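The hints should help you fit chains B and C onto chain A, whose structure is shown.
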Amino acid sequence: MNVIKPVSTLPWRLELRSVSKHYSNGTANGVLAVDGVDLQLARGEIHALIGENGAGKSTLMKMVYGLEQPSAGTILLDGKAVRFNAPATAIAAGIGLVPQHVQLIASFSVARNVVLGAEPARLGWLRQAEAVRATRDLSRRYGLEVDPLALVASLSLGEQQRVEVIKALYRGADLLMLDEPGAVLSQDEAVSLFCALRALADAGLTVLLITHKISDVLDVADRYTVLRAGRVVGSGVSAEASAAGLASLIVGQPVANLNMLNTPAPVDTAGGTQARAAARLRVQQLVLRTGTAECLDGVSFDVAPGEILGIAGVEGNGQHLLAKVLSGHAPDAGSVGVGGVDGIEVDYTGAGVRAALRCGVAVVPADRLHDGAAPDLSIADNAIASTYARAPLSLRGWLQPGAVDAAARRMIAAFRVKADGPQQAIGTLSGGNMQKIVLARSLESRPRVLVACQPTRGVDIGAATFLRDRLLALREAGAAIVLISADLDEVLLLSDRIAVMYRGRIAGHFRRGQAEAHTLAACMTGAHSPAHAGPRHSHDAALAKAAP
Amino acid sequence: MTMPTSMTLELAGWAGTALVVALAVLRAATPVMYAALGGLLSELSGSINVALEGIMLVAAFAGVIGAIHAPAQLPVELLPWWGAAMGLAAALLLAGVLAVLHLECGADLIVVGIALNLLAGGLTIFLLAELVGDKGSTAGIATPPLPSLRIGGLAGLPLLDLLVNGEEGRGHHVLIWAAPFVVGALWLFLCHTRAGAWLRAAGENPAAAHAAGIPVKRMRYVALLASGALAGLGGIYLSMGYLTLFQADMTAGRGFLALAAVFVGRRSLGGVGAAALLFGAAAVAATRLGTSTLPPQLVYMLPPALTIAVLALTGWRRRGRRGR
Amino acid sequence: MKAAMYSLLPRARSMRLIAAIGVALLAGLALMACVSSEPLRAWLILLTGALPELRHGTDGAWHWHRLVRFGTVLEDTVNLSLLGLAVAIPFRARQFSLGADGQLFLGALAGAVVALYWPGPGWLALLLCAAAAMLAGFLWGGATGVLKQCCGANEMVVSLMLNLIAIEFYRLVILYCLRDPNAGFPATAFFPDKATFAPLLAQTNVTWMLVAAPLAALATALLLGRTTLGYEIRVTGSAPDFAHAAGLPVGRAVVLSMALGGALAGLAGFHVGHALLKRLPVDLTPGLGLEGLLVALLARHQPRSVVPAAFFYAWLRAGGQAMERSTDVSREIALVIQALVILLVVAQRWPLAAWMRRLAARRAHA
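Protein chains in written order, with this note's numbering: chain A, 3 to 550; chain B, 134 to 457; chain C, 44 to 409.
Derived from the structure by calculation, the hints contain no laboratory data.
Keep in mind the model is a prediction, meaning the values are calculated, not measured.
By construction, the Cβ of each residue, glycine as well, lies at the ideal position given by its N, Cα and C atoms.
Among the hints, erroneous ones may be present.
[As the list claims (entries may be wrong)] The following label-pair restraints were derived from C-beta to C-beta distances:
no. : chain 1 : residue 1 : chain 2 : residue 2 : range
1   : C       : Leu110    : B       : Asp382    : 27 to 35 Å
2   : C       : Leu402    : B       : Asp382    : 53 to 61 Å
3   : C       : His108    : B       : Asp382    : 31 to 39 Å
4   : B       : Gly403    : C       : Asp284    : 29 to 37 Å
5   : A       : Gly174    : B       : Leu211    : 51 to 59 Å
6   : C       : Leu110    : B       : Lys268    : 22 to 30 Å
7   : C       : Gln391    : A       : Pro403    : 55 to 63 Å
8   : C       : His108    : B       : Thr426    : 34 to 42 Å
9   : B       : Ile284    : C       : Gly227    : 48 to 56 Å
10  : A       : His24     : C       : Leu402    : 30 to 38 Å
11  : A       : Gln402    : C       : Leu110    : 41 to 49 Å
If we strip away everything but chain A, and leave its shape as in the complex, we get (with noise of 0.2 Å):
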């Protein structure tokens, strides 16, 4: 299958030069998301663009669809230089874009979110027979299996994601980026995708493929580019590639012995009753499925009372849904249980937030602006959400101006938010004060458990290091804590255990100390199943599974 291509004199289809894009974010220097990448592009090659969260990939992708322009540098489509204003200028170029979040319309046809916004159409009249015959037409030609009449709703997000593929090859595209597409993806799906792949390159088109999974590059990339920190550190061949190497690039570290990625040690969790009797979150068996490729797939672990468990995962793995059922919502099977001050465990699988919140789980939504926070509303309104209801805040239905204002006063002062004072609008607030006040407000309930999304995204250095901090302190006077994260970092930094999440499942557990981030990076993205032992054997063993 590595058939030796012959050099081409041809120019590269696209190519960036030295392409750079600097945000100015209000402070001094601004932010240099990319900083003088150089990218080539063949015709008929599948590239991967790999790095991981934050470095930079998804303001390429930006700036070569048309969404951002670049600071400096150029871009060459096919040796001349071009500036894209609009995706509609790309487009027109023959740039498709498949998104990483599906943007199909539910209640229609296949056939009619592939022609969606270009319909065939006489006088305004739709050609359903001409949009179907097109839609079945590039499904057969490069095995993109979807039923042309079948209603979105009713498929996959497997399903789905081709019909966002065949959509941009219908309307002309013939350089295809993905952006993170086997994030959703089941592992037969993501076969069946790379199949696909390999045939829309055999016929000439050139696909990139903007990941953090080292398995793609691994399994159906030709070449690749890696980029940390908005800067291009490694490229090649991915024949010649390795796991080891690629880790190491991504992460910066060398990475000593994969092997060690096939037998983590797991933290024992079923034995050693004595030492987990005193669990003060106890999660076992949660199963939750939605429509969606996001699922619960049986998760247990528990916490410890001064202890910090740090959930590590990409984002789409089922963290947003365990922070849902941990929050009070019911799922399908499984039970959560918090562990009393006398040692009896009370379970509030499905009670409800109300009951979880007086069971002494406290949440920080990952959500602020729509779950944590009424932007319109002052600081002090919100800071009391989680305790307006019980002295000294009001007395038998009536607030105390008084101690709420003390309250909100003290908390801006604790936490050293930036305010003008309690009245003010806390949408006003930037992101880092923001999560502050969220984060103050469910510490103010005094929980005995604390859940925290992303507790610092989008929130500068300083606001974050202090949060932490304030994590710490909890965890000091003996709270438990789930930490949901997706910054390795913060989870390696805060966590005394660590469990990733991939799938729905937990796929590894490690104590501090035992894992360092290229482990961690590597169990997150499913390197360590043992189908990913060497590079490119994955590859030939689907495409035999997958011939007909």
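For chains B and C alone, coordinates are given in the frame of chain A:
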């Protein structure tokens, strides 16, 4: 509403009575149906049109006044059509104000809708008093209704004649004839045209529609204006068909009944049409029962009670199906 | 920077309101000019007609004239304030309740029943009537809330339907149970004196209920700003998802907001029956609730602005009546002007500047 001639009743028996009642239901439901179709269009595009009531009112008013004050050169037969055109224009104007205030000036859609309803109520009575001299209605002036159509040569088939030509063979109002065609045209528009697909996409998933290059704002404009036009047709029928005059506040909540029909009908053409017919039937039942021994107030309570019951039931079942 | 913008907003908002009132009044003048032969005079009477006059009498002393008209302004202010608050409270929980009419009718009815059949001491009569009226409104408003919470039924449509039911029920009871055989038209008997208010101003119906308006506004402001229920209502209205996530009792807040609004509308019914009319006719015209809605929209649903907005509306209404009596312009123009004010105030931005710029840019390109 005239009673059928005894001859017709004798000929047709119970089938005839049923048909007569059905025709009455159709007549009562038509204004609500048109407005509900308008409400459905705007709801599908993602904007709820609360001003249906006001739009119907101004259309009813402008229709009558337009017919009275038509240009002198117009032949007599065209007077009501001129009035209808004026009514449509007034409806489009009000809907346009709603669209601009919401889409360009960022005002809250429901608040603007309610304010426009209030404006329409006050403006119509004011202009009625100024132009006609009577604050209650135009009863003193002969206002021409839109014509009714009848199909001749059906004397041999009494039931069919009754169905097609109504009681006393006067035929059905042109807007009643038009209603099924309008429903059909809307169905074709929504399911088989590109603009209809764009409209539905813009309402269901504006982000996806925008990413696909669909002009979402323009679609919302089109939907709001079209919903105004349809509600205008309902209003025109009220003052130039159902009755042949304009009365102050003659819509009497039909615009909100239309909204209820949109909610009950679950955003589908069939459901909305059925709900509108149901509300029409309730109104007819109320008037029929009003001649019985029950106190009339009790009877007038039935249509709104039925509306609430239907709304509550469909909402409750939807909740149960979705799960808490 | 953002904080500065927010502190500027109230001042900018009141400037906007004044500008909107000015523009709407001028638009009214323009409309009058289209239909009337003496628009300017009519317009001035509209603006000043409610004023009582102080004239030097033949006996050498100063006398107030046209007090009756001014009295109507005060009476209407009371009604409209209560009805405006009845809409404002649910609105703070993001509920659009249109049911004030029905709650008013039922409140008036409940008060009448107590007034006509209360055998006990006189001093308790008024209090009990008021309590009965508020209770009737509370329950009827709560019904809308319960239907919204349990069945997700749209509160606009439900409250309107409940209006119709309430009005018919009112008529039913008056015609068949409370009808006074001696009256010339279908109505209840006159309420006994112990259950009515004595007028404060001669020849008007301005009574002690005048203080009810600002008191109710104060109570509403206190409720929303100082009680836990008011806090729950405000958070539910401002950010419903956050309210759910924080464990606030959202359902209870929604139902109670509508119920409390209903109670105030019931109190307005009590005012109509016991202070203004002193008996209940069967043909009491519905529509006051809609005017209360207008007042609430004018006041931007702020309790402290409801009384001034109600006064403004009542003023224009009385002026309109005076204008109708002495000129050829009918009084509904006042309604039109009020609706225009709301439309002008509710817009968040006026893209005129942006349109100008775009036009200029297009012309420059061409």
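Problem - Beta-carbon spacing of glycine 174 (chain A) to leucine 211 (chain B) - inside the hinted bounds 51 to 59 Å or not - result: Taking Cβ atoms as reference, glycine 174 (chain A) and leucine 211 (chain B) lie about 52 Å apart, which means the hint holds.
Handout entry: Status of the given 22 to 30 Å range, CB of lysine 268 (chain B) versus CB of leucine 110 (chain C)
Key = Holds, at about 27 Å.
Handout entry: Outcome for the supplied range 27 to 35 Å, where the beta carbon pair is leucine 110 (chain C) and aspartate 382 (chain B)
Key = 32 Å, holds
Problem - Range hint compliance [Cβ, histidine 108 (chain C) to aspartate 382 (chain B), 31 to 39 Å] - result: Because 35 Å falls inside the window, the suggested range holds.
Practice task
Given the hint of 55 to 63 Å, check if glutamine 391 (chain C) and proline 403 (chain A) actually sit that far apart at their C-beta atoms.
Solution key: 31 Å, violated
Problem - Whether the CB-CB distance between glutamine 402 (chain A) and leucine 110 (chain C) falls inside 41 to 49 Å - result: With a Cβ separation near 46 Å, glutamine 402 (chain A) and leucine 110 (chain C) satisfy 41 to 49 Å, so the hint holds.
Practice task
Using the Cβ atoms, figure out if histidine 108 (chain C) sits within 34 to 42 Å of threonine 426 (chain B).
Solution key: Taking Cβ atoms as reference, histidine 108 (chain C) and threonine 426 (chain B) lie about 54 Å apart, which means the hint is violated.
Problem - Outcome for the supplied range 29 to 37 Å, where the beta carbon pair is glycine 403 (chain B) and aspartate 284 (chain C) - result: With a Cβ separation near 33 Å, glycine 403 (chain B) and aspartate 284 (chain C) satisfy 29 to 37 Å, so the hint holds.
Handout entry: Outcome for the supplied range 53 to 61 Å, where the beta carbon pair is leucine 402 (chain C) and aspartate 382 (chain B)
Key = 41 Å, violated
Handout entry: Beta-carbon spacing of isoleucine 284 (chain B) to glycine 227 (chain C) - inside the hinted bounds 48 to 56 Å or not
Key = 53 Å, holds
Problem - Cβ separation of histidine 24 (chain A) and leucine 402 (chain C), checked against the hinted range 30 to 38 Å - result: 34 Å, holds
Violated hints, listed in ascending order, are 2, 7 and 8; each of the other numbered hints is respected by the structure.
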